[in-house]
Amino acid sequence: MRPDTEPARWRKSSHSNNDGGDCIEVDDANPGRVRDSKDPHGPVLAFSPVALNAFVRAVAAGEFDGV
Numbered sequence: 001m002r003p004d005t006e007p008a009r010w011r012k013s014s015h016s017n018n019d020g021g022d023c024i025e026v027d028d029a030n031p032g033r034v035r036d037s038k039d040p041h042g043p044v045l046a047f048s049p050v051a052l053n054a055f056v057r058a059v060a061a062g063e064f065d066g067v
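Mapping of the sequence shown onto UniProt numbering: residues 1 to 67, in sequence order.
Just so you know, these hints were derived from the structure itself, not from any lab. Among the hints, erroneous ones may be present.
[Unchecked claim] Restraint ranges, calculated between C-beta atoms of paired labels, are given here:
no. : residue 1 : residue 2 : range
1   : F64       : E6        : 16 to 24 angstroms
2   : P7        : E63       : 29 to 37 angstroms
3   : N53       : K12       : 15 to 23 angstroms
4   : V67       : P7        : 16 to 24 angstroms
[To be verified] With a straight-line cut-off of 20 angstroms between C-alpha atoms, the simulated EDC-like cross-links for lysine to aspartate or glutamate are:
no. : residue 1 : residue 2
5   : K12       : D28
6   : K12       : D36
7   : K12       : D39
8   : K12       : D22
9   : K38       : D22
10  : K38       : D28
11  : K38       : D27
12  : K12       : D27
Computed from a predicted structure; not experimentally measured. Ideal placement from N, C-alpha and C gives every residue a C-beta, glycine not left out.
All chains, full assembly: derive it from the sequences and hints.
Below, the structure written as structure tokens:
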């Protein structure tokens, strides 16, 4: 995967709240980059946009419920 080329523009999940929920932020400037919303200075994971979209669809479909 190419290194990011634009300054990050992080967007928190609309399902996130102020109670420290289990949410991620996505980098709108560099598709495929995600980080833990509770640790904004921590590691950033980078996926191909196709792989990240497939993962998000699987989560939304409940494929990881109970894991």
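> Would the pair K12 and D36 pass a check requiring their Cα atoms to be no farther apart than 20 angstroms?
Replying inline: 9 angstroms, holds
> Is it true that the C-beta distance of V67 to P7 lies inside 16 to 24 angstroms, as the hint says?
Replying inline: At roughly 35 angstroms between Cβ atoms, P7 and V67 fall outside 16 to 24 angstroms, so the hint is violated.
> Is the Cα-Cα distance between K12 and D28 20 angstroms or less?
Replying inline: Cα-Cα ~10 angstroms, so holds.
> Taking only the CA atoms, is the gap from K12 to D22 under or equal to 20 angstroms?
Replying inline: 11 angstroms, holds
> Straight-line Cα separation of K38 and D27 no greater than 20 angstroms?
Replying inline: 15 angstroms, holds
> If you draw a straight line from the CA of K12 to the CA of D27, is it 20 angstroms or shorter?
Replying inline: 9 angstroms, holds
>> Check the hint pairing K38 with D28 against an upper bound of 20 angstroms on the C-alpha distance.
In response: The given pair, whose Cα atoms are some 18 angstroms apart, holds under the 20 angstroms limit.
> Are the Cα atoms of K12 and D39 separated by 20 angstroms or less?
Replying inline: With Cα atoms ~12 angstroms apart, K12 and D39 stay inside 20 angstroms; holds.
> So does P7 sit 29 to 37 angstroms from E63, Cβ to Cβ?
Replying inline: 33 angstroms, holds
> Do F64 and E6 keep their Cβ atoms within the hinted range of 16 to 24 angstroms?
Replying inline: 30 angstroms, violated
> Straight-line Cα separation of K38 and D22 no greater than 20 angstroms?
Replying inline: With Cα atoms ~8 angstroms apart, K38 and D22 stay inside 20 angstroms; holds.
> Is 15 to 23 angstroms a correct range for the gap between the Cβ atoms of N53 and K12?
Replying inline: 18 angstroms, holds
The structure fails to meet hints 1 and 4 from the earlier list, while all remaining hints are met.
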